[in-house]
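Trainee: Given the coordinates of chain A, work out where chain B should sit on it, guided by the hints.
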Amino acid sequence: MLQTTTYDDGPTRRRFLLLLTSSGMCAALPRVLAQGLALGLDRDGHPVMSLADGNTRVVVTLFVATDCPISNRYIPETLRLARQFRPRGARFWLVYPNPGDDVAAVRAHQARFAPAAAQDNDAVDTAALDTLIAPEPRFIQRAGVHVTPEAALFRAPFSSEQTALWHGRIDDRYLSIGTQRSAPTRHDLANAIAATLDGRDPAPATGRPVGCAIVPRTVGASASTTQFAKGSSPALRA
Amino acid sequence: MKSTATTAQRLLLLLLLSMLLSMIGGISAMAQPVGGAAPTWSSTVAPILYRNCTGCHHPGGAGPFSLMTYADARRWAPQVLTVTQSRYMPPWLPEPGHGDFADNRRLSPVDLANIARWVHAGMLEGDAARAPQPPHYTPDWELGPPDLVLTAARPLRVPADGQDVFHNFILPTNVTGTRYIRAIQILPGNPRVVHHANILIDRTAELRHQHAADWQAGIPGMEITIGSGDRFDPDSQFLFWKPDSPATVLPPGMALRLDPGTDLVLNTHLKPTGSVETVEPRIGIYFTDKPPTRAPMLLQLEHDSALDIPAGDKHFEVDDQFRLPVAVNLLGIYPHAHYLGKQMEAWAVQPSGVRMSLLLIRDWDIDRQSVYAYRRPLLLPAGTVVHMRYAYDNSTANPRNPTSPPVRVRAGNRSVDEMGHLWLQVLPVQPVVHAAHRREGTRGPDDADPRMVLERAWMQHRLERNPGDRIAAYNLASLDVMAGKARAAIDVFDRLAEQSPNDARTLTSLGAAQEQSGDWQSALASYQRALQLEPTETDARYDQASVELRHDQAEAAAADYRTLIEQHSDDAAAHGGLGASLAQLNQPDAARAEFEKALALEPAQLAALAGYALMELAAGNLEHARTLLTSAVAAGAHDTTTWQQLAFADAQTGRAAEAEQALHSAIDADPDDPASHALLGQLLAARGELTPAIAEQRSALKLNEKDADGWSNLGALEARAGHAAAARQAFEHALQLDPHHAAARANLARLGAALP
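Here the protein sequences come in this chain order: A and B. Our numbering puts the first residue of the first sequence at 3, with every later residue one more than the last. Our numbering puts the first residue of the second sequence at 3, with every later residue one more than the last.
One chain only, chain A, in its complex shape (with noise of 0.2 Å):
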């Protein structure tokens, strides 16, 4: 036994190596995010550097939740824009900012709908579509976004400090919870995009984002901890 044969204070030096391993998990994220290089996780549960990458003129951040049925509704809508818009260099992510979503939440969730876009005759499936998980509180505050789903423009070259150049609703269907449009009148977040495109600056948001709040998280448990305690990844298996 290692402990008593090697140490005579073996409690002691047991308790400091719990604590380092405990403390290690937890300290590995603040450093790593400190470092600027990851701003959530990816599907897999690696963390993500940037939102942009050379080809990337513009980064449109649809943040979505796995359980808030008006977020969900949009998926379609979202791959639709994607198709449109990615020729022309958008990068589209989608983002699931609240506690309860992580990488096997999301995974789930977009199993269950990226069959509905293949089905559907869509081009692109969520499988094209990046996806960041639990992002960096930071980053929810410069996009702007209070509710899912909302989307957030950041223009290219994107750094991590960057405010969104715009964000809002994606078109006016919902007036409210439980008002709905049968089709929209207004594509609010299409016309943002193709603006940016065209090298203008979008018109400012209009009309409310109708769906859920975003969740907060509690003080102390950060769920980007809580995923990189889950042993997914590398930076911690390094």
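Worth flagging that the hints you see were computed from the coordinates, not collected in a lab. Take these hints with a grain of salt, some might be off.
[As the list claims (entries may be wrong)] What follows is a set of in silico ranges between Cβ atoms, one per label pair, in the way DEER data are often shown:
(1) A:Q86 - B:I226: 35 to 41 Å
(2) A:Q86 - B:D102: 49 to 55 Å
(3) B:P134 - A:P139: 33 to 39 Å
(4) B:D105 - A:Q143: 57 to 63 Å
(5) A:T165 - B:Q218: 40 to 46 Å
(6) A:S161 - B:D105: 45 to 51 Å
(7) B:S406 - A:D200: 41 to 47 Å
(8) A:S161 - B:Q135: 40 to 46 Å
For every residue, glycine included, the Cβ atom is placed at its ideal position computed from N, Cα and C.
Mentor: Frame of chain A, contents of chain B only:
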């Protein structure tokens, strides 16, 4: 989990919460706190949620998320606050003070205030040990395993996105005898997709026959029209389902009749969820052996012909008013419009002038429509006038307007059309008198069934409002046929057929009226026209075959029945008809085989029982004939012919008492049928009871004075009784009617020889 947050943490939570509330805009409209200590989930909020919300919002329920636990409630608190303050939830459209409804789900001001205070105060859990026990919800049949489960033949795939879907599932019941439904439950299969559903009873499987090749796929459509069958049996129950609907347990005495050949049609409103969904509804049915003793009826007020709403009109009104010809108890009410509907009012004015508000909805929402049952029936005396007034908004200010920019909208079945219907479930105060118990002096079926009086008044009212109302004209003509007024019905059906020469249904009904009037040749011509238009029109083919069978065209009848069997191999009535045709064609073995097939499919198939019995009577198989006729009577055949045949079989098998009883039943069924009296006379004479036998024979002759045989028989009875003068008079009367009547002449001669 109890709240263990530190002061700093609570402050931060409150700050975040405050921010969130201001984001969703609900905070300024909240009710004032009711005072006292801050409410907790355990003490205050859980009871409200369990009482009003978790019926849908439980795992596996129709609600998009669960509210069963404290964690759930906390997670969704902002939404709960918003939708309760706006009264979007719980779904309840009627305004208070306008109808006292049994399942009122409107939250009280105290409940609203407590929810708001709980959210404001930080959504505290309180003492979890003191929280009420959560309700238990079963995902399956809440009344236990049903006696019969109907499952959609093919699941429906609902697209991920797009407009709402309106779809009708066709569910054959395949019952083999008449059954009575005491309870019914719809399991939509995917409650998050099925927004509401409504069961229609298709008593002639009309939709299935119309879509013989692909009925399994169901048919699209928001509303459908189906025939009601060949007997007066108006819809009587709202079989309506919405997400938290429990199983429908019908009130005592109001069981629903389910006959062989009846389909249920599940009319569904489906909402895309963002994911492709599959819907495979099931209906569970619970039977009782007790036939209904109370017969409610659904009545409708509407003025669809006035629905012509200009584009942009913010307030377009239609109204209707209907005077009740008989006293009724109002049991329930179901308002219905599409997406432009705004305000709905219904009220009744009694003959005394007393006004009763029946319903008021200020902000109609088709998505939250429901049937409303009154806590206690409302007595509406005869002469009460029921009113409805609906307002519509066809402007851009109506967010539910399905068309942008708005367009002129008229009445129709599509979701972009409009409707303005107010359905009432009424129970006539005067009960229905069944034919077997009808008293002398009644003139027709209307007297025996107040629902027919209501139906006639309702249809006449519709026709007054809209002379072009084809359904009203058709139904009035059908009522005339039921009342034996075939001539009047023929005129109406003729006119309707001229207006719509391609309507096979009208031609079929025209044929039925012509047949009833005795003009079977014209009836055949009408059926043939219907079949030229719609070769698969089952009713026309069936009626044509029946006429052919009755008029010695058994070959043609057999061919028609074979066509029906090719189209619907499980049609027991068609097998029975083919059996009867083959019996007429003197092919007893083939006929027997068809009768057996019919009775295997449907043991109580009346036509097969009657045809088979007739064949067996003719063949001298009297015991089997008697068995078949007894089954026919048990299955509801209470017509004079069946009773007379049974009496014959009884008499021939030595059951004189049973035969006499059967003949009394025949006379009860139709006191004006001379054959029943004559047969009873013969039976009594055979027993030596000559005086009553003579009385029955005289009764028969009163009803059929020109029956030479009858007069001859009377003469024989009088002679046996020693009444020579009366006997002579009867024989002479017979010979006046038929100078060649051999029996009368011979008996008269014998009587003369016997006289001194």
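Trainee: Does each hint hold? Answer for all of them.
Mentor: Status of the hints after comparison with the structure:
1. Between Q86 of chain A and I226 of chain B the C-beta distance comes to about 38 Å, which sits within the given range of 35 to 41 Å.
2. Distance hint check for Q86 of chain A and D102 of chain B: the Cβ-Cβ separation is about 54 Å, which falls inside the suggested range of 49 to 55 Å.
3. At about 36 Å, the beta-carbon gap between P134 of chain B and P139 of chain A stays in the expected band of 33 to 39 Å.
4. The hinted window of 57 to 63 Å between D105 of chain B and Q143 of chain A is violated, with their beta carbons roughly 45 Å apart.
5. Remark: the range hint 40 to 46 Å for T165 of chain A to Q218 of chain B is contradicted by a beta-carbon distance near 57 Å.
6. Distance hint check for S161 of chain A and D105 of chain B: the Cβ-Cβ separation is about 57 Å, which falls outside the suggested range of 45 to 51 Å.
7. Look at S406 of chain B against D200 of chain A: about 26 Å separates their beta carbons, and that is not inside 41 to 47 Å.
8. The beta-carbon spacing between S161 of chain A and Q135 of chain B, approximately 53 Å, falls outside the hinted interval of 40 to 46 Å.
Going down the numbered hints, you'll see the structure goes against 4, 5, 6, 7 and 8, while the others check out.
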